[in-house]
Every structure is written in structure tokens, then in C-alpha cells.
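S.K.: Sequences are here, hints too, so could you generate the full structure?
Take a look at the letters that make up each chain.
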Amino acid sequence: MWVNMGPQHPMTHGLWNLRVRIEGEIIKDVDPEMGFLHRGIEKISEDRHYNEIITLMDRTCYVAGLSWEHLFIIAAEEALHIVPPERAEYIRVLSAELQRIGSHLMWYAAFVQDLGLTTPFLYGMRDRDLILDLFQTYTGGRLTYEYMRVGGVRNDLPLGFTARCRQVVDWLMDRFVEYDRLCLSSTIFRERCDGLGLLSAEDAIAYGVTGPMLRSAGSRRDLRKDRPYSVYGQLQFDVATANTADVTGRYLVRMEEMRQAVKIIRQCLDWLDDNPGPVMASQLPRWLGAPYAPVGNEAYLLKRNYPTGLGFSMVEEPHGEAGAYIVNDGGEHPYRVKFRSPVLINIWAAKRYLPGYRVADIPPIMGSVDVCVGECDR
Amino acid sequence: MSSASLFSVSDTIAAWLLAHIAYVFPPPVKGWLTSGDVVLGLTALIFSAILLGASMINVIVLIWWERKLLGRFMDRRGAMHVGFAGLLQNFADGLKLFRKDTVRPTQADELGFWLSPTAYLVTSLVIFAILPISTGWNGGSLPLTLLLALVIFSFAPLFIFLGAWASNNKYALIGGMRSAAQMIAYEVPILLAVVAVVVLAGSFDLTTIVMEQRNYWFWAPLFLALIVFLTGMLAEMERIPFDLPEAEAELVEGWNTEYGGMLFAFFMLADYVRYLVGSILVVLLFLGGWTLPSYVPSVLTSFPLAGIVWFMVKVYLVFGVFVWVRASLPRMRTDQLLRLGWMRMVPLALLSVILAALVVAAHCLPVLGCVPSMGG
Amino acid sequence: MAESGAQAPAPIPGTEQRPLLWVTRPLATAARQFAKSLWRPSTIIYPFERLEDPKFRGEVAVASGKPIGVGEIWDNYRGVHALNINTCISCNLCAFSCPDVCIEMVTVPGGDPKHPKKCPQIDYGKCSFCGFCSDACPEGCLSMTTRYELSVHKREDMVYSPARMFEVFKSKLPMNPIRVERPKNEDQILLDPPICIGCNACSRDCPTQCITMLDIPKPTPKPGEKLAKRIWKEPVINDSDCVRCGTCISVCPKDCLFWGTRQ
Chain A
1 MWVNMGPQHP MTHGLWNLRV RIEGEIIKDV DPEMGFLHRG IEKISEDRHY NEIITLMDRT
61 CYVAGLSWEH LFIIAAEEAL HIVPPERAEY IRVLSAELQR IGSHLMWYAA FVQDLGLTTP
121 FLYGMRDRDL ILDLFQTYTG GRLTYEYMRV GGVRNDLPLG FTARCRQVVD WLMDRFVEYD
181 RLCLSSTIFR ERCDGLGLLS AEDAIAYGVT GPMLRSAGSR RDLRKDRPYS VYGQLQFDVA
241 TANTADVTGR YLVRMEEMRQ AVKIIRQCLD WLDDNPGPVM ASQLPRWLGA PYAPVGNEAY
301 LLKRNYPTGL GFSMVEEPHG EAGAYIVNDG GEHPYRVKFR SPVLINIWAA KRYLPGYRVA
361 DIPPIMGSVD VCVGECDR
Chain B
1001 MSSASLFSVS DTIAAWLLAH IAYVFPPPVK GWLTSGDVVL GLTALIFSAI LLGASMINVI
1061 VLIWWERKLL GRFMDRRGAM HVGFAGLLQN FADGLKLFRK DTVRPTQADE LGFWLSPTAY
1121 LVTSLVIFAI LPISTGWNGG SLPLTLLLAL VIFSFAPLFI FLGAWASNNK YALIGGMRSA
1181 AQMIAYEVPI LLAVVAVVVL AGSFDLTTIV MEQRNYWFWA PLFLALIVFL TGMLAEMERI
1241 PFDLPEAEAE LVEGWNTEYG GMLFAFFMLA DYVRYLVGSI LVVLLFLGGW TLPSYVPSVL
1301 TSFPLAGIVW FMVKVYLVFG VFVWVRASLP RMRTDQLLRL GWMRMVPLAL LSVILAALVV
1361 AAHCLPVLGC VPSMGG
Chain C
2001 MAESGAQAPA PIPGTEQRPL LWVTRPLATA ARQFAKSLWR PSTIIYPFER LEDPKFRGEV
2061 AVASGKPIGV GEIWDNYRGV HALNINTCIS CNLCAFSCPD VCIEMVTVPG GDPKHPKKCP
2121 QIDYGKCSFC GFCSDACPEG CLSMTTRYEL SVHKREDMVY SPARMFEVFK SKLPMNPIRV
2181 ERPKNEDQIL LDPPICIGCN ACSRDCPTQC ITMLDIPKPT PKPGEKLAKR IWKEPVINDS
2241 DCVRCGTCIS VCPKDCLFWG TRQ
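Protein chains in written order, with this note's numbering: chain A, 1 to 378; chain B, 1001 to 1376; chain C, 2001 to 2263.
Everything labelled a hint here was simulated from the structure, so no lab data went into it.
There's no promise every hint is true.
Just some of the chain A residues that point at chain C, by a computed CB distance under 10 Å [what the hints assert, rightly or not]:
| # | residue |
| --- | --- |
| 1 | L117 |
| 2 | E178 |
| 3 | R181 |
| 4 | S185 |
| 5 | R224 |
| 6 | Q236 |
A few chain C residues that face chain B, going by a derived Cβ cut-off under 7 Å, partial list only [as the list claims (entries may be wrong)]:
| # | residue |
| --- | --- |
| 7 | V2023 |
| 8 | P2026 |
| 9 | L2027 |
| 10 | A2030 |
| 11 | P2041 |
| 12 | S2042 |
| 13 | T2043 |
Derived CB-CB ranges, DEER-like [as the list claims (entries may be wrong)]:
| # | chain 1 | residue 1 | chain 2 | residue 2 | range |
| --- | --- | --- | --- | --- | --- |
| 14 | A | Q8 | C | V2101 | 28 to 38 Å |
| 15 | A | Q234 | C | H2153 | 53 to 63 Å |
| 16 | C | R2032 | B | W1342 | 25 to 35 Å |
| 17 | B | V1082 | C | E2156 | 32 to 42 Å |
For every residue, glycine included, the Cβ atom is placed at its ideal position computed from N, Cα and C.
M.R.: This is the structure:
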């Protein structure tokens, strides 16, 4: 019997469809269908200024907007041959790690909700609000930040931000213990999660599965270590791994990643306290400055001689490894933009890690994937 | 204890009403109206109406109680704006549900679709007629009240499965199957736990069982049975962690996926009626019913209707425990649930039966000291 | 179960808490939160309490262990725009910078009949609150406030006319205080002298009046050569006053103005 789980289904967390062939309670085959939320972000990007694409990046993944801004900005700066000031890099890493905590908290909330745990759902959402409040203090937005700019970030951190941020992450560290008490220490939770959705490291790599799903299988692949971008090379942290390759392993990896993110945030805050400076590159093409005036007439277009280039970046996003590829043909718009979404591939590998389990196991297993359909469909 | 009983109250009302109504009629009708049979019939009607009204109000207040408690467990507030502390919120919600359209899927079976919510609600409500609330405040004192209550309580899977089958939906069907399997599986440990109580009390009559607890409450010697009974009741009520018939993560709303509006309200009400009945049974069987321990000062037990007040306090506290469990545990899986039922709960219940028999045999209580004049 | 070749589940030392007595620990955790939130749950009762209320910010809220909101710089919030009509120079930069094309320049009273004064009108049905318009505003007259309640009954009411945004401005809400610095290597407006006809369009429409038309010497025509038919004036642009709005470029009939760097 084929059962449609989606597109309107509590399990999907977004707009996608999981077709499941079941015999009794056992899953025999699955067929994920994505694309319901396709908005053509890559195509729209070809018609926008580089900075205006940032508004799209926030909407690509609505729980990890700053991570995607970071991804795009790195590629755009490579394509445009711009070097941002170091302080801006630290602020970006700080933002990305805060965003990682925020995204993982959102994942935690949605995941336990699938298991029927409504209390930790509200705890996760409540604590994510602290992160959003932090974002609001310096970016001005709670969900769509529009904060990073090609060449730096929009504004410096406000006065007193570092102290506030330290307090919040200290408080969050205590909350992580509480999360473990509610989930890991619960026999029922362990029975629902242990040994489910097994996906070995070899299979994961063969499918292209990345992120916490890969690291939960014992792999130590983390782009922040393997291919350090931004200032990650100068920061001390460990790669969170587990060797169980199951749902519990993914839970453990994400929890540990949040703790490591707190570690990174503290280092960034220390650095930012000691090193004031500009947050925006001083030399920018005219159309990348703050005011976006009309480009001008035909004569101007013919006389332009801005540098062309290719930009490529890979970022360890909360869901996995995201990639961006930008072709700059010297215009004020990119010629072509391509994004690689980790979630798309993580969902697609469901063909490998779902069959053999029961219908009741679908919510925890798919919940452990951390589905964000906005990013998957773009 | 108050000397009034629900029956005498309804009898007084019926006689008073009939006397006033008969006043306007000519003598033959007047005589017939004031005859014993008619008074008895009206008494039964008024009795049922009071019972129905009281239980419905209690059920709705129970929903409020769950919402408030759950809110505090989740670091939020429950309903708070309609009425005092949101007490009237559920009445508003109920009104909203009752004036909504009920949609029947075209492929659904008509009779089953309409019948099952009604039958589910009615069978759940019937139990109130035989549950004693306080001395004299019950419908009838049959010798086998407890068994009858449990029998009516276990009608539920029939109607749930009927509704699930009739709505012609895959999710509903799976949910109905799970519900039936789960309820049937957990009848066994529940009945065995009840057997332990019965052995200790020596009667199937709920009033007698409560009266037997005047010296000590049964939870102390029968702690194992209490655990088994609470777990079994959670499963029978389909509450988290055993709410897998309506596990909303995989089966959209389980067996009531296709129900909306008033029919959904019926299911919802019937669910909460069952929660109330479950809590009442726990209080009656293990927590001394309307009695209080003898060391409690008599001021607290001598005011009018004190028995009912304390009984309801206990019922709401027991339901608070159910809410607490719901707030902190995830949902189990069908196979794990059944394994827990057959492999853990049944042996524990058997063990508690043996314990009860030992206690009776020794006429001695491990906790409260020897009580020579034990019934049994 | 699954035929995947993964390792058997094994505990990770130091990172996990083994279950203790089945489910007692989660029960105890929930009970502790229950006790904590008996007096004051974290909920902010929204229409009656607001996040921008000072009591939800500040050190006190965090230090007390119940940080409900930590938004200290609430003024940075990007909400409804406030427009100071009096200082608006009709430079069009907000409309140009809008990624969603939700800003339309509409005529407001106050300009002369030939060159009406135009101010932005924002359709909040399209606006994404990115703040690019207020970043681009050279005079700081278009700014974002902390107002975030936009519910209306009709779609037309989502369109905020300049007068309506001026009302918001006059209500003196806290405004986004951060101004984005202009890059140091900004391009200037350059002139292609041979094409210019001296028509005065750029000078006439320049919102900052930074363009002055200066006389240029009228060349003496060589014999047989016909003198160009033009006004013998040329625009001179004051770069320090220029806001780089590009109005002159777009109004130039001969396309003789363009962006570039002055040597």
C-alpha cells in the first residue's frame, strides 16, 4: 500500500511529499517528492544586484538565514575580488555560529514534537527566541536579517552586545543539560531513537549526505576544519561526532555542535572586544556601496571595465555542506548563481535509510534529518 | 458526611414540580400525576439531567485544568482571557465547534460515520450513573458496580474502530487498528490490578471498596497495582505516552482524522469523559474515594458536601499526574507498547494480586501496622 | 532491521546521560520547570505586554535567570518607515534601491508646478523590510521605526502614502539609528563635453542643486564649418554635495553624463 505522507502532513515540516510503500507496518520503499516550494531563487538572482541577493538568501533557509548569507557573501567576494576587513569576518563567524545554535534549537523543537514531546518543543522555541533577540539587537531583524554585505557587514555590533551575548550563551549552556535530561535520560525516547535510520559513513558519502547525518556515522568531515573558510582556521573547537549512525547519534552530534558553537562564540567575542576597527571594506565598486543608484546609460555600460571572476564557496551550514557558485561577468548582476543545498540530498537518501523500519519510525528518522524545505527547493 | 443523596434531592424536586403542575389539571389527571410511578419517572429524568450536567461541566473544567497545568509545565500560560483565568475558554471553543459544519467524506460509510461519535460519547457518559461520588451520591448500588463500570469503559474500541473504518481513510484505519489492539491488550493488566483491589476489599461494589479504605488507603499495600492501573489507564485513555492511535506525527489525527465540527467535539468530549472516569476510578480504588485519613481535623470533613469536595480535589490531582506524564514523556511505538503491556504490566499485576492475597492472609499491613478487623 | 552496514549503536563517553529508573529524570525536569514557572512563566502576554517594554530588557532580566527578552537596542528594529517630508529631496534613491519594487515616488504638495516634489510611497504588501531604502537615503529622512503592527482590513490600506509616513515620523517613535557609511571610492558623475548641448536638464532636476551651468567660450567657427546648434553652457558638478542619485544621468537627453572616476 502506498501512503502519501505530505504535502500536507504533520511529519513533513514544510511542503514536500514522502510516498511510502508499506506492508503492514514495515516500510518497503520510499519515494520523496520535492519541489513544491521552488521559488526560482537562482534565476531571480541573475537579475539583482549582489547586495539585493542577500534578501533572497534569508528566504532560502528561513531558520538559518545568516548561514546562507555567509555562504553567498564568501562566493560573491571571491568573484568580485574584494577582501573584507578582519573584524567583519569575526562578526560573520559569530553570526553564523549563533545561527547554528538557533537552527539546531529549531530542529530540536520540531524533532521532539514529532515524538509527541510537546514540552521540550516549547523549551526549544523559547530558547531560540534568545538568539533571535540577540540578532535583533545588531541586525535589526528577527528572521530575515539582511545583515551581511559584499565587503563586510552592514553595521558594527552595538555597545554592550558582547556582554549580553556572553550571558545568553552561558544561560544556554545550562539549558542544553536540561534538554538531555528530558530526552536522553528518558527510556521511551531512547527506545524510539536508538538504532533507527542507520546510515553508514560509506553510504552517506556515496549519496552525498553531509552535515550532522554524516558525522553521526563516525566521519570527522567538517568544512570548518577540512577547508577552513573565513576565520575558522584561527579558532579552537572540536568536531562533534558520534559513532552510532542512528537518530540518537544525530541528536548527540547536534547537541555537541551547539556546545562547540558556544565555544567559538566566546572566542569571537573575546577577539571582537580587543580589536575595534572598520567592518566594511573601503574600496568597493560604486554599485556595491550603500546607495544603489541607477546604472546609467548605454554609454556607461559600454565603458565599464569592472573585473570579472568566478566565485565558489562551501560552508558548513547547520544542515550540512552548502555550496555557492557565482559567475561574475563584470556587470552589476551576477551572470549565473548556483546553490548546493544539503537538505535536498539528505532527504533523497531516505531511499537508503528508511526501508526496513516501521511507519511509526518515520517521524523520528525524518525529524533527525532536519528538513528545511525552503533551502531544499530554493 | 452529608445525609442528603442525589436520589433524594431529585425526588424532592420531582415531587415539588409535579405538585405544582398537577394544580392546574382536573382531578383524574391530578391524581395520576401525583402517583408514585410518575414521580419516580420524573425523578429518574431529573437525576439523569443533574448527573449529565454535572459531569459535562466537570469534563469541561477538566480540559481547562489540563490546559493550565500543561501551560505551566511548558513555561507558558494556558487559556487566560475568557472568563476568570480562562475558565470559560472551553465553553467558547465548544460553542465554536458546535456551530461548525460537519463534513462527511463522500466515500465514507454514512451510518457508521454518524453513529460512532454519538455511541462513543453515550457509552462513556453512562458510566457516571453508577460511579459513587460520595455516600448516597450514586445512581444505584449494584453489587458488581466496579465490573459494570469497567465493562462499559471497554466498549470504546468498538466504536472507535467503527468510526475509523467508516471514515474510509488510511490514517484513520491504521489509527483505529492500533486503538483496538492497544485497548484490548491493556484490559488484562487493568483487570488484574482491579482483582488485587477486590481481593483486599472483598467486594465488587465501589461504595464498599471505598468504605473498606476508611482505615488506610489501598495505594500503600497495592503500590504495584496502582502503577499498573495508572499505566493501563493511560493506555486506555490514549494519552501520551500511549497516544499512538492518534499519533499526529505519522497518522494525521489518527482515527478522528476525517471528523470535524460537532462530531469532533463529540470525540473530544468523550475522550475527556473517559479521562474523568479514569481519574475517578483511581481515586475510588486506591485513594480512599471521598474519605480522608482519621488524623485530618474534623473541621475539614464536617462541612456540607465535604465528601464531594474532597473527592473532586483528589480526582483533579490524579488527573494532574496524567498531565504531568503527558508533559514529560514522548510517544511509544505500537510494538513497544504491546510488549510493555504483556511482558511488564501483566506480571506486575499478577504479583500485586499475590501481594494482596498475602496481605489479606496475614490480616496485617506492612505500612500502617496490624489492623485485626480486616474485611475479606 | 535495516540492512545498512553501520556500526552497532554504542554510547559516546561523556556526552550522554543514561536513563535512570526509566523515566524519572524527564518527569523531575518537567516538575522543576513547573515549579519555576508557577509564579511567572516566560510568556509575554502580547497585546498587554510588549517586548519593547523596558522591563523585558536590560541586565536585570538576564541576571535573574529568566531572560525573557534581551533586546536592548530595540531602536535598531526594522519596522514601518518614518518619512520626514520636509527634508526629502526627491532623489529617488530609495525607489532605486528597493529589491521588491514596492516604493513609488508620488507627488506631494510643496514643489513648484514645473518640478513637482516627489516622495516615496511604500506598499507594505510587497515590502520585505530589508532596510535598503533607509540605508540609501542620503538625507536620513526615510528611516525605519519600531512600529511593527500592520494589520489592516483592506489591501489598499497596506499602501502608505508619504503623508501617512510623515504621521509616523511625527509620532516620534525610536528610529533605527545606524547610518551606513558611503564607500570612500565612490564614482563621480563625468561629462562627455563634445556631446553636451547645454540644455540645463541636469541642473534643473538635480535634487541637491549641486550642478551649476557655467558658460563656455563659444568657438569661432572655421570657414565653411557650421557651428553646433547648442547652448554654450556646460554642467559643473560639485562632488561634495552630490548624493550620487543619478537623476542627471537619466534626464540627460544626449546621454553625455556617465559614472566614472575623476582624474
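S.K.: For every hint, state whether the structure bears it out.
M.R.: Do the hints match the structure? See the list:
| no. | hint | result |
| --- | --- | --- |
| 1 | L117 | holds, 9 Å |
| 2 | E178 | holds, 6 Å |
| 3 | R181 | holds, 4 Å |
| 4 | S185 | holds, 4 Å |
| 5 | R224 | violated, 19 Å |
| 6 | Q236 | violated, 18 Å |
| 7 | V2023 | holds, 6 Å |
| 8 | P2026 | holds, 4 Å |
| 9 | L2027 | holds, 5 Å |
| 10 | A2030 | holds, 4 Å |
| 11 | P2041 | holds, 5 Å |
| 12 | S2042 | holds, 5 Å |
| 13 | T2043 | holds, 5 Å |
| 14 | A:Q8 with C:V2101: 28 to 38 Å | holds, 32 Å |
| 15 | A:Q234 with C:H2153: 53 to 63 Å | holds, 54 Å |
| 16 | C:R2032 with B:W1342: 25 to 35 Å | holds, 34 Å |
| 17 | B:V1082 with C:E2156: 32 to 42 Å | holds, 33 Å |
In terms of the numbered hints stated before, the structure departs from hints 5 and 6, listed from lowest to highest.
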